[in-house]
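In order, the protein sequence lines correspond to chains E and G.
Using our numbering, read the first sequence as starting at -15 and increasing by one per residue.
Using our numbering, read the second sequence as starting at 36 and increasing by one per residue.
What the hints contain is simulated information worked out from the structure, not anything from laboratory work.
Everything numeric in this text was worked out from a predicted model, so none of it was measured.
For glycine and all other residues, C-beta sits at the position ideal for the given N, C-alpha and C.
It cannot be assumed that every hint is accurate.
If you only want the chain E side, here are some residues facing chain G, beta carbon under 7 Å, derived [as the list claims (entries may be wrong)]:
1. 1
2. 4
3. 6
4. 16
5. 18
A short, non-exhaustive set of chain G residues, derived as facing chain E with CB atoms under 7 Å [what the hints assert, rightly or not]:
6. 48
7. 80
8. 131
9. 143
10. 144
11. 147
12. 151
13. 171
The calculated label-pair distances, taken between Cβ atoms and stated as ranges, are [claimed, not checked]:
14. 71/E to 181/G: 32 to 38 Å
15. 85/E to 131/G: 24 to 30 Å
16. -12/E to 121/G: 16 to 22 Å
17. 79/G to 84/E: 42 to 48 Å
18. 150/G to 80/E: 52 to 58 Å
19. 146/G to 71/E: 44 to 50 Å
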Amino acid sequence: MTGTIPLQYFLIISTLMFFIGIYGFLTRKNLITMLMSIELILNSVNINFVAFNRYLYPQNLQGHFFTLIIIAIAAAEAAVAIAIIINIYRNFRSIDVDRVDEMKF
Amino acid sequence: MFYILAAMILIFSVLTVTSRKILRAAVYLLFVLISTAAIYFMLEYTFLAAVQLTVYAGGIVVLIIFSVLLTSHISEKAIMADVKQSLLSALAVGAGAILTLLTILKFTFIPSSAPAQPSKVADVGNALISYGRDGFALPFEVISVLLLAALIGAIIVARKEKDGIVLNKK
Chain E
-15 MTGTIPLQYF LIISTLMFFI GIYGFLTRKN LITMLMSIEL ILNSVNINFV
35 AFNRYLYPQN LQGHFFTLII IAIAAAEAAV AIAIIINIYR NFRSIDVDRV
85 DEMKF
Chain G
36 MFYILAAMIL IFSVLTVTSR KILRAAVYLL FVLISTAAIY FMLEYTFLAA
86 VQLTVYAGGI VVLIIFSVLL TSHISEKAIM ADVKQSLLSA LAVGAGAILT
136 LLTILKFTFI PSSAPAQPSK VADVGNALIS YGRDGFALPF EVISVLLLAA
186 LIGAIIVARK EKDGIVLNKK
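If we strip away everything but chain E, and leave its shape as in the complex, we get (with noise of 0.2 Å):
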């Protein structure tokens, strides 16, 4: 199945979504719509690692592996993210970054 589509593909669609990712973050002003457009991010460097296991070197699961723990390490970052988005509402009523301007508390 893999036999007919290059490799140029599989990074073709990972950059595309990666510069997708990157313009969220750029022009979102909510905190939660910011943590979305990271794991746009994250999502395309891993498909970027599969592809490249798997169509230069086949006879190892490096990439695989790697993915695998990306994908523990994201969760562990969506966790403290939300966490810490919460407490932020809790003390501005407001998630959005243009109101939370302040460190102190």
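Using the hints provided, position chain G relative to the given structure of chain E.
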């Protein structure tokens, strides 16, 4: 099949970052993650695809939807950046994407024809606990400690303090 998945990923990624309703953006993100899992299935990494479906699509998206519901009203529209800022961002992002794509298309990758390492669940499990060559015992243990620390930290940060309510009153 691949082209359908690629189109789904790109369309729903764009919708994720441009949708004005936050809950809808979360659902579009769910579609992107499921399409990515389908790509892993296509590349015959079935365990990885299952992990993607359970952890990403099942765990993280539910967490995000819960936090959306906790912090904003359903009908609330997200505030978007003004035209100048989004134009500048689109310009920077487009330039970066074109540069990267040109570099990728210029490079010739030589696909390997070596026999594929089996990646069934048993092989993945054995590799995760073996500490010899091609073993990943150390990263596995480190990631488990990190996950525990992150979860405890998240609970402590999000906990409601007994006397902390006065903090936001100036």
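Inset, instruction - Hint by hint, work out which the structure violates, then give me just those numbers in ascending order. - result: 5, 9, 14, 16
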